[in-house]
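Residue numbers (our numbering), protein chains in the order written: chain Z, 1 to 407; chain C, 1 to 407.
Be a bit skeptical, because a hint or two may be false.
Chain copies aren't distinguished; within one or between two, either way the pair holds.
[Unchecked claim] 30 Å max Cα-Cα, derived DSS-like pairs, lysine-lysine:
| id | residue 1 | residue 2 |
| --- | --- | --- |
| 1 | Lys118 | Lys358 |
| 2 | Lys358 | Lys265 |
| 3 | Lys265 | Lys185 |
| 4 | Lys358 | Lys185 |
| 5 | Lys265 | Lys118 |
| 6 | Lys72 | Lys185 |
| 7 | Lys118 | Lys185 |
| 8 | Lys72 | Lys265 |
| 9 | Lys72 | Lys358 |
| 10 | Lys118 | Lys72 |
Simulated from the structure, these hints should not be mistaken for laboratory data.
Number of protein chains: 2
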Amino acid sequence: MGNELLTGDTLDTNGRFLTRAVESLGLAPRFKHVAGDREEDVILVLRDAASRADVVFVTGGLGPTEDDLTRKSVARAFDRRLIFHPELLPPIRDYFARAGQEMPPDNERQALLPSGAKPIPNPLGTAPGFILEDGRTSVIVLPGVPREMRGMYEASVHSYLASRFRGGETWEVRTVRTTGVPESKVNELLGNLLDLSRNPQVGLTASDLGVDLRIRARAGSRDAASGMIDALVEDARARLGPAVYSEAGEGLEQVAGRLLAERRKTLAIAESCTGGLVGARVTSVPGSSAYFERGIVSYSNESKEALLGVPRSILAAHGAVSPETARAMAEGIGRSAGTDFGLSVTGIAGPTGGTAGKPVGLVYIALAVRDGETRVEEHRFPGDREMVRARSAQAALDLLRRHLTGC
Amino acid sequence: MGNELLTGDTLDTNGRFLTRAVESLGLAPRFKHVAGDREEDVILVLRDAASRADVVFVTGGLGPTEDDLTRKSVARAFDRRLIFHPELLPPIRDYFARAGQEMPPDNERQALLPSGAKPIPNPLGTAPGFILEDGRTSVIVLPGVPREMRGMYEASVHSYLASRFRGGETWEVRTVRTTGVPESKVNELLGNLLDLSRNPQVGLTASDLGVDLRIRARAGSRDAASGMIDALVEDARARLGPAVYSEAGEGLEQVAGRLLAERRKTLAIAESCTGGLVGARVTSVPGSSAYFERGIVSYSNESKEALLGVPRSILAAHGAVSPETARAMAEGIGRSAGTDFGLSVTGIAGPTGGTAGKPVGLVYIALAVRDGETRVEEHRFPGDREMVRARSAQAALDLLRRHLTGC
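Sequences and hints are given; from them, build the entire structure.
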């Protein structure tokens, strides 16, 4: 519910969260309807949704103002009266009291619920949610603020749905992530594993960073479902080889970071075309200061010489975007930082700067290993500046990951 | 249309694009419906939408396989037959020929259109779109791939809608961006400018990076509407002061980058808690190599000393997160890079590392100016690691922007 979702100013991450949250119960979404801040429109989509599904999630519109239509509209859509619940006020008052404020009178509205609705406590905000059972349909109403919505789902809604919908069967879900292999090739390698009639079922999602396998297994117990997924993942790994970097839906920065931490190895990074993206991803992981020592964004040739010790002769003979420069950058940063690994990226992100011999999308990545060989890779990425930079950062982290896992 | 939108694996950026694209025609979205890859569900939402709107945009499901249901479903929803259009095949064949391939036989399906539909050429892909007029409703069917969808909208659909819907009035739209002032305060400062009955209308959208004003004006001519927006923006600027950083919907990295380029000034960056985010944003702008010289991610204290010349005595006396260290980092990077500006960030992003005196979210930002004073700012950001880092990067770019504009 809400104009900002309807216009797309806010993208619907709540829908994604709820879809994944109910997967383990064997529930899957059938429709999504978005209405703006008009009562008649909200009522229309509520009735559409309830007539077509066993569970309807409603998010947003539970705030304290007149514009927040959800309580009123749910009551009208299902022919209920709004009942004032005085017992819902103290937690709202407490929420304001913790911030040293008094509850504004408008917030009293948040203690109104359609008759027959059961409240859902909101420990992280003011608006309680509620569950309204209308015939065979459960209408579950939650705030739009993602943090509040998630907290309430996890604390109250999941167990409600589990008791109502979980039959003898359990679902388990796992996300296996791959990079460096195009979707069409993943499709071909997985072949019959992708048949929709199979259990476990495998769905593919492709992004600039790689292809994810979303695996859902149905079985009589959690262990059985989990075992079925284990077997499928083993099969998929055999087909996909080292392209698989996570079986738990993690990012490459988490995977590579954990490998570094476990082996007590340290890392320094020299970036050119990615401009700090690789460092930003590595340091997005809490605790990364244990293994990440420093990064250098050497955008100018002068900084490549001064900070990384790239010889002027290499820059002059081969150019800033060359395997030789990538190697010198990686070895230079590793040496000066005194780390176990030096990782470098240099390339042409575009839109300008490309030539026939060195087109936009040409990127060199190098990994210098203390007391070891330096590995250099050439990539030619399609797409615009943003895509080339994102893929370059992913490829750099993947080179480190493959080295650490010996592939 | 499509399972990946229904589950949220793909977020709907097409809806946002189309909403903004039709704003200048005075069209606004009323509903959004998403159905997965089931024909009966697609037909249901097509009929719902067509019964409630003058224009229905349908995106996705135009591919060459059996799963691509849109052509078939639109035909059934509006009681049309599918007609084969041989004249649509050559452009599809040409598309494959440019990649040195032959058109697979499946792609012949893409030359089928519901009877009465007018094709929309697709210069960037294989699937043609189409427009079907059913009574008073225009059903406009486009591919789901954003690049193709946008190209087709701009080349063909906008002029069609303009001829059908633009009456005597024209709409103009502008996005004014602000940072550093919370939404409640922006609300208060704008006051009556936010009345929904006004023309121009102003809507607010808040994110981690600031609050945007979306301004829509309706008038007899483009110039008149534009003039009304100019007047409103002037009023808003007077109320909001230096918080306004763009009147054209740009990011701070674009605004600050343009100011640097215009004045032929150069920049170097020293980052700690942001780990490269500021550099990544600055270098996301094409042509940033004209003003960005280098960046250093000094995660360890050793690197702050070795690369930035931060005196050990300052680190020992005040700690890495202190106004003194921020100042020394900014001055050190500016000096060693020989740039006009040195910009630094140091802070505690969390979740660990905070103390009572220096809590998570405490961030210092400094700007060293060649032959000038160094400015240092203290911030206390709420939120998790990701939010603290994003806000820190935004605040750093904003400090640079405010210096360059003299506020």
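Quick rundown of the hints versus the structure:
For a Cα distance limit of 30 Å, the shortest separation of Lys118 from Lys358 qualifies neither inside one copy, at 64 Å, nor across copies, at 43 Å. For the identical chains of this complex, Lys358 and Lys265 are inter-copy neighbours only, at 29 Å across copies versus 34 Å inside a copy, given an alpha-carbon limit of 30 Å. For a Cα distance limit of 30 Å, the shortest separation of Lys265 from Lys185 qualifies neither inside one copy, at 34 Å, nor across copies, at 47 Å. In this assembly of identical chains, the alpha carbons of Lys358 and Lys185 lie at most 30 Å apart only when taken from the same copy (27 Å versus 51 Å across copies).
For the homomeric pair Lys265 and Lys118, neither the shortest alpha-carbon distance inside one copy (53 Å) nor that between copies (62 Å) is at most 30 Å. Only between protomers do Lys72 and Lys185 lie at most 30 Å apart by alpha-carbon distance; the minimum there is 28 Å, versus 51 Å within a single protomer. Proximity of Lys118 to Lys185 under the C-alpha cut-off of 30 Å is found in neither arrangement, the shortest distances being 50 Å within a copy and 35 Å between copies. Proximity of Lys72 and Lys265 under a CA criterion of 30 Å is satisfied in neither setting, with 58 Å inside one chain copy and 57 Å between copies.
In this homomeric assembly, Lys72 and Lys358 never come within 30 Å of each other (Cα to Cα): the closest approach is 62 Å inside a single copy and 45 Å across copies. Taking CA atoms no more than 30 Å apart as the test, Lys118 paired with Lys72 passes inside one copy only; the shortest distance there is 15 Å, against 43 Å between copies.
Against the hints set out earlier in the document, violations occur for numbers 1, 3, 5, 7, 8, 9.
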